[in-house]
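Keeping their order, the protein sequence lines are chains S and U. Heads up: the first sequence at position 752 corresponds to 751 in numbering that gives the first Met the number 0, and the numbers run straight through without jumps. Heads up: the second sequence at position 367 corresponds to 366 in numbering that gives the first Met the number 0, and the numbers run straight through without jumps.
Treat the hints as calculated values from the structure; they're not laboratory data. There may be inaccurate statements among the hints.
Think about it this way: if two alpha-carbon atoms lie no more than 27 Å apart in a straight line, the pair counts; the simulated DSS-like pairs of lysine-lysine are [to be verified]:
| no. | chain 1 | residue 1 | chain 2 | residue 2 |
| --- | --- | --- | --- | --- |
| 1 | S | 758 | S | 696 |
| 2 | U | 587 | S | 267 |
| 3 | U | 415 | U | 18 |
| 4 | S | 430 | S | 101 |
| 5 | U | 92 | U | 415 |
| 6 | S | 312 | S | 101 |
| 7 | S | 312 | S | 696 |
| 8 | S | 92 | U | 587 |
| 9 | U | 267 | U | 92 |
| 10 | U | 28 | U | 18 |
| 11 | U | 267 | S | 28 |
| 12 | S | 587 | U | 415 |
Sample of chain U residues facing chain S (criterion: CB under 7 Å; computed from the structure) [stated by the list, open to error]:
| no. | residue |
| --- | --- |
| 13 | 206 |
| 14 | 231 |
| 15 | 232 |
| 16 | 234 |
| 17 | 515 |
| 18 | 595 |
If you want the ones that stay clear, here's a sample from chain S, every Cβ over 12 Å from chain U, calculated [stated by the list, open to error]:
| no. | residue |
| --- | --- |
| 19 | 58 |
| 20 | 79 |
| 21 | 159 |
| 22 | 163 |
| 23 | 512 |
| 24 | 608 |
| 25 | 703 |
Predicted, not measured: the structure shown is a model, and the values here were computed from it. We treat Cβ as the ideally placed atom computed from N, Cα and C, and that holds for glycine.
Residues per chain, in single letters:
There are 2 protein chains.
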Amino acid sequence: MTLASTRVTRETELSVIGKRIPRPDAPAKTRGTAQYVADIQRTGLLHAAVLRSPYPHARIRSLDVTAALALHGVKAVVTADDTPGRSWGAFRKDQPVLASDKVRYVGEEVAAVAAVDVETAREAVLLIEVDWEELSAVLSIDEALADGAALVHDDAPGNITYHFGLERGDVDAGFARSDVVVEGTWESARQFHAAIETIGSVAEWDLNDRLTIWTNTQTPFLSRGRYAWALGVAERDVRIIQTEVGGGFGGKSGDDNNPVVCALLARKAGRAVQLINTREEEFLAGSRPRMPMRYWVRLGVDRDGHVQAKDIKVLADNGAYTGKSIAVMGAASVRPDTLYRYPAVRADSTLVYTNLVPTGAFRGFGSPSADWAVEQAWDMAADELGMDVVELLRMNAVESGDVSLHNHRITSCELKQCIDKAAELIGWHHKRAQRTPNRGLGIACSVHVSGRRSFGDYDGSSAMVRLNEDGRATIISGEGEIGQGAGTVLRQIAAEELGIPFEDVDVTPSDTQLATHALGALASRVTYVAGNAVLRAARAARQQLLEAAAVQLETAVSDLEVRDGRVMVRGAPGAFGGGVLVGEVARKRLYQRGGGPILGVGEWDNPSDFPDESRYGNESGAYNFMAEAVEVEVDPETGNVQVLELAAAVDCGTVLNPTLAEGQVEGAVAQGLGLAQSETFAWSDGRPQNPNFGDYKLPTVGDMPIIHLAFAESYEPSGPFGAKGVGEIAVDGVPAAIANAVHDAVGVRITELPITAEKVYRAMREREAQR
Amino acid sequence: MTLASTRVTRETELSVIGKRIPRPDAPAKTRGTAQYVADIQRTGLLHAAVLRSPYPHARIRSLDVTAALALHGVKAVVTADDTPGRSWGAFRKDQPVLASDKVRYVGEEVAAVAAVDVETAREAVLLIEVDWEELSAVLSIDEALADGAALVHDDAPGNITYHFGLERGDVDAGFARSDVVVEGTWESARQFHAAIETIGSVAEWDLNDRLTIWTNTQTPFLSRGRYAWALGVAERDVRIIQTEVGGGFGGKSGDDNNPVVCALLARKAGRAVQLINTREEEFLAGSRPRMPMRYWVRLGVDRDGHVQAKDIKVLADNGAYTGKSIAVMGAASVRPDTLYRYPAVRADSTLVYTNLVPTGAFRGFGSPSADWAVEQAWDMAADELGMDVVELLRMNAVESGDVSLHNHRITSCELKQCIDKAAELIGWHHKRAQRTPNRGLGIACSVHVSGRRSFGDYDGSSAMVRLNEDGRATIISGEGEIGQGAGTVLRQIAAEELGIPFEDVDVTPSDTQLATHALGALASRVTYVAGNAVLRAARAARQQLLEAAAVQLETAVSDLEVRDGRVMVRGAPGAFGGGVLVGEVARKRLYQRGGGPILGVGEWDNPSDFPDESRYGNESGAYNFMAEAVEVEVDPETGNVQVLELAAAVDCGTVLNPTLAEGQVEGAVAQGLGLAQSETFAWSDGRPQNPNFGDYKLPTVGDMPIIHLAFAESYEPSGPFGAKGVGEIAVDGVPAAIANAVHDAVGVRITELPITAEKVYRAMREREAQR
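Next comes chain S alone, as it looks inside the complex (with noise of 0.2 Å):
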């Protein structure tokens, strides 16, 4: 095949791609020398903090800053009198800036202080007097459904933010047809995302009324125009410089109101402000959570394994504002059914408003959630036929060339590749066939995009490489970097495709004032997206490169390659002293009459559809796929379950850096291993008790189980050197995994995140009870 050949020809020759490159960026972070937001100095800096309503839902009857102001030390309170009075919101405008008449969650922002060091911020906070009057709240999803309840938005009867329903194929006669049907409703969990850094801005008004924030966001350019609404000013006039990002997780996506009141402050103090989150506020009001849902799922098979039908019914908690809800639950109402063949799916989701802490985007996005469902689901109904589960999801996985019933094309698919991989390396077969007590294996899959069509019918990239006269080349690209190795890749590309060192590329920060506009990084979509932008960049500089080299060597273009950083002639590396320094070329060609520098500018646009209403279009021009394995021991006693062992294998296409995939294969795993076991709040009157990383139990070194890793032999005929996205897709399956593996070890189904021993332990005790 014409892909497959020129894909072994290319990777004879790579020596930068799929290399182990470390991050150039490592140093500075290890030693403590990077910028982070918190690093940010300017002339006069103040320091901020915000008074957040202690209540899920209150009238705020009055407000006095009278002595807040007073404070020695203070330079500015801000309420919101001082914004434009418009709410925001990604997909719904229904979140303030700083609650003015009521507040709808435990940590909303009701006013800020900005002082001349953080402590007198703090101490003025408290100076501030609210009346409050208590509304009764409404802090489950039951309880927002609840006939009578009060109401979170006046303009949301019912409570309902969002609804959507959609039929493909004939569900009732798939189920007519299938031989075996399951049912059952789970119900995941509120986890956080817990990056090390708290999300932070720094945030300064020029003279000519123009706004520069620093702030560790992920999107710099999408965020611009969301806060530049919020704030009542042009997006023209706001400028985001994208600091170092200490970890991002989809929480860091612009949806919080930071840096908003940040800016507010620095408009009315008239000098810098600092507003950076403590652990608390984040965990309160910080990042979004990822979104509970109650995932019910009907799933029809017939008696050879064949799928036949799924129907879901979703209902999912908005928390009090949307940010990207909306779109978190179309994802998980229809990101899975690119997973197997269904022949019919019908889906039901409606999003809740309820008086909690407002839900988003996190790694993995609708899927965690949709996964712990119908990945269960699938479990189930291999029981019911007494069928191995590996052979049943083998059976009904997608392959590259299929169409899903939404429409969603996969080009690259080695699904089946991955079931195989992910139950050899945990010894699937042969731990079945001889079974240990107490201990189970479980599998689940997964699917997620590569870069998603979200706002407006665009989900491209851009980006120029310099080849300059130095030696060096610079990538100017928006997209940026969260601590995910993102500019290492780019750079990976770049120096490939242009034949020179990956020391000699260089690639600029996002900055929505210098750098090419960028999406940034979300839906998994820098490597394949920005990394063909800048692929086509950096084709662009060589050829320019190329051409030059042929005018001063005298010879032809279609003679010359570039290798090694020196432009040499093909099969003959000892012309011209064996070759001409790249920097060499580019000075000579810059340094002569009429002269100019090497820059090459790429552009490139997922090939992929706007999704209609009900979300029909192919979201992405690539899919990647995973199956996670695991092996966990019960403790009869306790309920307690050790995960032993656990197997990834991925399909991300070409894998650029190992060591950076790896990364994010083995990082998405504890933050599923955490999703799965550990990571909850007792909560009380819609506040988590003790919200900090004593109580939040992330899971450790020490907690993690051997993991196997494997990437899929696979190739995406559009990604750069047939690449596709990595970053999330990992977390996935690792609750539906253990739940299936725990079914597997001591015959109990967990329906609900996350899979504590107390509920295995009662589950088995009922279990017990009814034999």
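Starting from the structure of chain S, add chain U where the hints point.
Only chain U this time, still in chain S's reference frame:
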């Protein structure tokens, strides 16, 4: 004529060009928020001080830094041992970073200290013990050229740095044809730039051994190359970020050791280091002052006043190290010949090493020293001829289409208009007809380049113009802003070409990593050369905009135009609701299937020649011209010269921004007045006495005469919107015009700068004695 009509058509349409647009950077500069190098903050920033030579010439027998290193708070001490031991320089690599075996002028860098604060660093410098062996020094051109003089550099016998000569046309025959031959020798002065901000740097090495220098340089890219060489590292490993620059005038064009020493300290300390010259250091060894020349001229004219020949002999004081002195002397030797129609010229020019502060580039480059001599020779010739000098200059003035003996091709020239305007504004004919005792009139002309091919066969610039989805445009250019208003003018050019308001255009700061290569602010090139690149980039962007709009509006590109930030139908301004906002078109073009940003690239190279060894070649694609006339009153009792009025008429092509152009001319006139009348130190043993602003007498606002400014009606066909350079020329003629006016007033001719009361008094007394 085609050009003229094009111009008229364009000008009637111009909405940004030619307007008095205030500099957008002015508020920040006047209110203290602009970020100069002293404002750069880095974590753990150290502060530095330099041990400098107290002797003009001495051997370093030994150097002991033990005590300095032991001082509490000292983090690093560097000496020559920390340098790669190589000398550096723009045109001759003769300058060490830190002196090793010997020092060659007072102020030369010997060692440096970085400490927690500058007081500690300075204290530590005093603790460095040096065992000096004082050597005999050459402290003037005469001492340097004397038989048996001490050698400043062992490899420069006779202390000759550089020599060149030329003869074009038959000079002897010219003098033979001449009816009047005048001659004289003039001494020009070591003028200091005295920029409000001294030279300073912050240097920091990252963990990958790459160096970033924040510095107030005029030429980030050219400086980078030199500093990298001096440090012995690859140019690619040095990044220069231009801070705000508090005045350059040529003194911040990358010839000084400050950033290199700062970088050495930062490397040794492993921390960021700031090194900012004190005012005393700036005078002793900071910016390179104007090169004093002894300039002998012989000029021959026929009885009608037509020039027949000119011969010059130049001896120039290089100081201890070379920098750009070779080019300065070259310009002084050749450039004046592009002012009048000389049929034959000869030059013999010698650059001489002395044990004095190195001299270098200063506004006007070689011209103020040359014009000081040559324009007085013309005045003497007029005197001898009994002809009004205005008439004489006018008769010999070059015109558009002329080609000088050095092959300088004059495209646009309104020198005669300048002479007429200057004469008219000063009231020349009226006042010469009705003389007032002790009052006199003088006039002088000058020519300057608009860019010059100096660094290889390239004097180009490149730029990118992005037309952003927020409606703003961004100019990406590395040319930078040194306080002269370059950023404002480039923004005007882009705004005009794009058809959007000035306020909607941003320009990137100069940063060798982010911006396109640029030669920077030198040779009055930015408006003309970089302006042309920006114009072309903007034109490319506008074309992309129109193409996008044509698709969106379903009309032809040729039917559309951009005006006031809107795309409109030509001749139908009401169509499409008065047009579509540029930002809307750009956003729509981006947010579409296959979309992308609007991004224009522009390159332009000065249509000039790289002069040969004899300096033959058209050094610039355009020449600007100037005439300055002054009226003085000489106090017969004291010799004090009061300049009553000064008229400057400048041909800089189209005046892009009258406010800025006037500012350039007024500022240059002020520097010319300082050069002419007051700027001098008493020197002792190679050291200026009291190097401070109390003793170095800069003219202040109270010293200013009435100034009349005029710009010639002029249009340079190769310039952006018809513009040429304007930044330097008006300094050139002031000293000669005043000297000529003094002669007109009291009959004595001053041949040595500055024109002090004492010199005039002595000359008057001598003249009386001779009567």
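Each hint tested on the structure:
1. S:758 to S:696: Judged against 27 Å, a Cα distance of about 17 Å means the pair holds.
2. U:587 to S:267: 35 Å, violated
3. U:415 to U:18: 26 Å, holds
4. S:430 to S:101: Not OK: residue 430 of chain S and residue 101 of chain S at ~58 Å, beyond 27 Å, violated.
5. U:92 to U:415: Violated: residue 92 of chain U and residue 415 of chain U sit about 42 Å apart, past 27 Å.
6. S:312 to S:101: Given that 27 Å is the threshold and the Cα spacing comes to 32 Å, the pair is violated.
7. S:312 to S:696: 30 Å, violated
8. S:92 to U:587: 22 Å, holds
9. U:267 to U:92: Holds: residue 267 of chain U and residue 92 of chain U sit about 25 Å apart, inside 27 Å.
10. U:28 to U:18: 22 Å, holds
11. U:267 to S:28: 21 Å, holds
12. S:587 to U:415: 41 Å, violated
13. 206: 4 Å, holds
14. 231: For residue 231 of chain U, the interface hint is violated, since the closest Cβ of chain S sits about 15 Å away, which is over 7 Å.
15. 232: 11 Å, violated
16. 234: At 4 Å from the nearest chain S Cβ, residue 234 of chain U passes the 7 Å test, so the hint holds.
17. 515: At about 6 Å, which falls below the 7 Å cut-off, the nearest Cβ of chain S leaves the hint on residue 515 of chain U intact, so it holds.
18. 595: 4 Å, holds
19. 58: Check passes; 38 Å lies beyond 12 Å.
20. 79: Its Cβ never comes within 12 Å of chain U, the nearest being 27 Å, so this holds.
21. 159: 29 Å, holds
22. 163: 23 Å, holds
23. 512: 6 Å, violated
24. 608: Given that some Cβ of chain U is not farther than 12 Å from that of residue 608 of chain S, nearest at about 9 Å, it is violated.
25. 703: 29 Å, holds
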